[in-house]
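Starting from the structure of chain A, add chain B where the hints point.
Protein chains: 2
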Amino acid sequence: MLRTPHGAVETPTFMPVGTKGTVKGLTPGDLSATGAGVVLGNTYHLYLRPGSDVVREAGGLHRFSGWGGPMLTDSGGYQVFSLAKRRRISESGVEFASVYDGSSHMFTPELTTRVQEDLGADVAMVLDECPPADAPREYHVESLARTARWAERCLEAHSRGDQALFGIVQGGLHPDLREESLRLTTALGFPGYAVGGLSVGESREEMLHMLSLVAPRLPAEKPRYFMGIGDPVGILQVVALGVDMFDCVLPTRLARHGMALTRDGRLNLKNARFRRDFGSLDPECSCEACTDFSRAYLSHLVRENELLAHRLVTLHNVTFAGDLCRGAREAIRGGRYAAWMEGWVARYEGRVAGR
Amino acid sequence: MLRTPHGAVETPTFMPVGTKGTVKGLTPGDLSATGAGVVLGNTYHLYLRPGSDVVREAGGLHRFSGWGGPMLTDSGGYQVFSLAKRRRISESGVEFASVYDGSSHMFTPELTTRVQEDLGADVAMVLDECPPADAPREYHVESLARTARWAERCLEAHSRGDQALFGIVQGGLHPDLREESLRLTTALGFPGYAVGGLSVGESREEMLHMLSLVAPRLPAEKPRYFMGIGDPVGILQVVALGVDMFDCVLPTRLARHGMALTRDGRLNLKNARFRRDFGSLDPECSCEACTDFSRAYLSHLVRENELLAHRLVTLHNVTFAGDLCRGAREAIRGGRYAAWMEGWVARYEGRVAGR
Numbered sequence: 016m017l018r019t020p021h022g023a024v025e026t027p028t029f030m031p032v033g034t035k036g037t038v039k040g041l042t043p044g045d046l047s048a049t050g051a052g053v054v055l056g057n058t059y060h061l062y063l064r065p066g067s068d069v070v071r072e073a074g075g076l077h078r079f080s081g082w083g084g085p086m087l088t089d090s091g092g093y094q095v096f097s098l099a100k101r102r103r104i105s106e107s108g109v110e111f112a113s114v115y116d117g118s119s120h121m122f123t124p125e126l127t128t129r130v131q132e133d134l135g136a137d138v139a140m141v142l143d144e145c146p147p148a149d150a151p152r153e154y155h156v157e158s159l160a161r162t163a164r165w166a167e168r169c170l171e172a173h174s175r176g177d178q179a180l181f182g183i184v185q186g187g188l189h190p191d192l193r194e195e196s197l198r199l200t201t202a203l204g205f206p207g208y209a210v211g212g213l214s215v216g217e218s219r220e221e222m223l224h225m226l227s228l229v230a231p232r233l234p235a236e237k238p239r240y241f242m243g244i245g246d247p248v249g250i251l252q253v254v255a256l257g258v259d260m261f262d263c264v265l266p267t268r269l270a271r272h273g274m275a276l277t278r279d280g281r282l283n284l285k286n287a288r289f290r291r292d293f294g295s296l297d298p299e300c301s302c303e304a305c306t307d308f309s310r311a312y313l314s315h316l317v318r319e320n321e322l323l324a325h326r327l328v329t330l331h332n333v334t335f336a337g338d339l340c341r342g343a344r345e346a347i348r349g350g351r352y353a354a355w356m357e358g359w360v361a362r363y364e365g366r367v368a369g370r
Numbered sequence: 016m017l018r019t020p021h022g023a024v025e026t027p028t029f030m031p032v033g034t035k036g037t038v039k040g041l042t043p044g045d046l047s048a049t050g051a052g053v054v055l056g057n058t059y060h061l062y063l064r065p066g067s068d069v070v071r072e073a074g075g076l077h078r079f080s081g082w083g084g085p086m087l088t089d090s091g092g093y094q095v096f097s098l099a100k101r102r103r104i105s106e107s108g109v110e111f112a113s114v115y116d117g118s119s120h121m122f123t124p125e126l127t128t129r130v131q132e133d134l135g136a137d138v139a140m141v142l143d144e145c146p147p148a149d150a151p152r153e154y155h156v157e158s159l160a161r162t163a164r165w166a167e168r169c170l171e172a173h174s175r176g177d178q179a180l181f182g183i184v185q186g187g188l189h190p191d192l193r194e195e196s197l198r199l200t201t202a203l204g205f206p207g208y209a210v211g212g213l214s215v216g217e218s219r220e221e222m223l224h225m226l227s228l229v230a231p232r233l234p235a236e237k238p239r240y241f242m243g244i245g246d247p248v249g250i251l252q253v254v255a256l257g258v259d260m261f262d263c264v265l266p267t268r269l270a271r272h273g274m275a276l277t278r279d280g281r282l283n284l285k286n287a288r289f290r291r292d293f294g295s296l297d298p299e300c301s302c303e304a305c306t307d308f309s310r311a312y313l314s315h316l317v318r319e320n321e322l323l324a325h326r327l328v329t330l331h332n333v334t335f336a337g338d339l340c341r342g343a344r345e346a347i348r349g350g351r352y353a354a355w356m357e358g359w360v361a362r363y364e365g366r367v368a369g370r
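These protein sequences, in sequence, are chains A and B.
Position one of the first sequence corresponds to residue 16 (our numbering), numbered consecutively onward.
Position one of the second sequence corresponds to residue 16 (our numbering), numbered consecutively onward.
Calculated from the structure, these hints are not laboratory results.
Glycine included, every Cβ here is placed at the ideal spot set by N, Cα and C.
Misleading hints may appear alongside valid ones.
A few chain B positions that, by computed beta-carbon distances, are all more than 10 Å from chain A [what the hints assert, rightly or not]: (1) E72; (2) E171; (3) L199; (4) V264; (5) T277; (6) E321; (7) R344; (8) E345; (9) M356.
Keeping only pairs whose Cα atoms sit at most 30 Å apart, straight-line, the calculated DSS-like set for lysine-lysine is [unchecked claim]: (10) A:K285 - B:K39; (11) A:K39 - B:K285; (12) A:K100 - B:K39; (13) A:K285 - B:K100; (14) B:K39 - A:K39; (15) A:K39 - A:K100; (16) B:K285 - B:K237.
Isolated chain A (complex conformation) (with noise of 0.2 Å):
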């Protein structure tokens, strides 16, 4: 159970991605009936559009945005090196050009601890460095240790004491850095941590190796985030591990594309198959798009790239994402989560026959 200022939500949980303010085309209403439990603002994206200066000035991302539940804020620090065409890093922080209109602006731990204090979310982030995977082990090195750095520098600056602030373990696909980065960044005592730095291109074998590794160490009583999972058999690998809280914008990035995310696997609702297909689009779950609209019909939005698709679908897959977390909370109260895993996973891939 993760326990914010805006209530308490049920773990493990996936956290839908409100990257400007707002999960795509959805209302604070679709996403309580969605049953999500924590959503997610971009620091990087709302620093720069509409600025966190006019959050602040309306109270705050959750009246801003009029989300009344738990939200979690990332650091800006992810987006600054996935996006950035152009960076530079120093011990100080790091100087990055926007992705909207080119503008110099530079990111140091205590401006992102600011700018997510003016948000105002329940949960915000430390400023870490993501560097690619295959960067020279030395650099890994020098890395993990600015961010621990940063880290510290983070929680100097962390004034709100409405708000939590998670430490980030880093140091890529070495496990004697990933180690090192865990025991720098447990020292310091934050009230939940992340690993980052994966589901960033290596193999999945890789990253669920390396995040078996870290997982077990972090502390047992504190909240585990796992930074960017979001296919539906990917969860169920992290919760395996012990991890409670993890995001990502593929349900929504792929419903926008029109696939939709079933309990008999993923499906691309422009095949041409679906076009008389009037059953609905997931039998078995309970959301506006499957209970009122027949395949047929969301096939033809998705094929003329209809605003309704793009909405019915996200708030399916969001609704789909936390049903498979409500699943798995079930099956561990349960303790038969190897086994309920093992089924759905068959069933999702299409190697049994659904209900």
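Frame of chain A; chain B shown alone:
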């Protein structure tokens, strides 16, 4: 009161346009919440996408789209004349190239009637030609006579007892030709009549003058439908001339460009003055966009071209058009329409302060 197999609707009523079986961005539930009475579908688009055969197999457009209230489909004639790059008109019908893929199609009065029966709307329209207002007078003479002959063929082809087929008066900007078209069309005895071929580029004065000649001579006991008006002042002007029903993409299209209709005029939400305006979009409106969000948030969403912007501003503009019609109905019932309209327009145009 317009009575249909899917319910009764008080008039005057604005009919939002659900071009391809969806009012862009809104669910049927949203549409109900806006107070919309009749929703319009475009036969041209639905015939081509997803195909009226698919809609028929789904059980009709109501079942396919999930809208359970009254529905009207046009005949597709207007789209053939406004969208097609290539078309050839003859006594039998009109051949045209699809706007989607250039493929050749032929609309005859019999076909558009059958297609509309497949779609299953409560109100269907006869196939008409809508010539440019500035076409030679001789062309209008020829065209309106052909439109009347087509109307008769539509009536003969029409077989669904649960669907009303409306006639359409054409005649361009020629008073005597309007009268001739009215005489020929009303002689056929339709359960309702539309005035077409206006609001297509002529001045507002010409439009209102022409409508003022036609509307009072339409049978008083039958619904009068003016095709293609959606700006607030225009709506009030055609209502003043006795029009009961009207449709236009304007409120929904404006919304997708970030333009909101309010009691104090049209607002461009991209305007910098809204960036920190934490007030309601329209404090007198009870739609979700106005009750749950601020102008600053909506302005942010519009500037970022977020899906939620299109959805929320569309919801607002359709609600606004519905509220406007409700206000008109109350004023008509109270016998004070002219004075009410004068006050409403003065405020909308910024000539007097709002409440």
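Hints, verified against the model:
no.: 1; hint: E72; in the structure: violated, 6 Å
no.: 2; hint: E171; in the structure: holds, 31 Å
no.: 3; hint: L199; in the structure: holds, 37 Å
no.: 4; hint: V264; in the structure: holds, 14 Å
no.: 5; hint: T277; in the structure: holds, 20 Å
no.: 6; hint: E321; in the structure: violated, 5 Å
no.: 7; hint: R344; in the structure: holds, 29 Å
no.: 8; hint: E345; in the structure: holds, 30 Å
no.: 9; hint: M356; in the structure: holds, 33 Å
no.: 10; hint: A:K285 - B:K39; in the structure: holds, 19 Å
no.: 11; hint: A:K39 - B:K285; in the structure: holds, 19 Å
no.: 12; hint: A:K100 - B:K39; in the structure: violated, 35 Å
no.: 13; hint: A:K285 - B:K100; in the structure: holds, 27 Å
no.: 14; hint: B:K39 - A:K39; in the structure: holds, 15 Å
no.: 15; hint: A:K39 - A:K100; in the structure: holds, 25 Å
no.: 16; hint: B:K285 - B:K237; in the structure: violated, 43 Å
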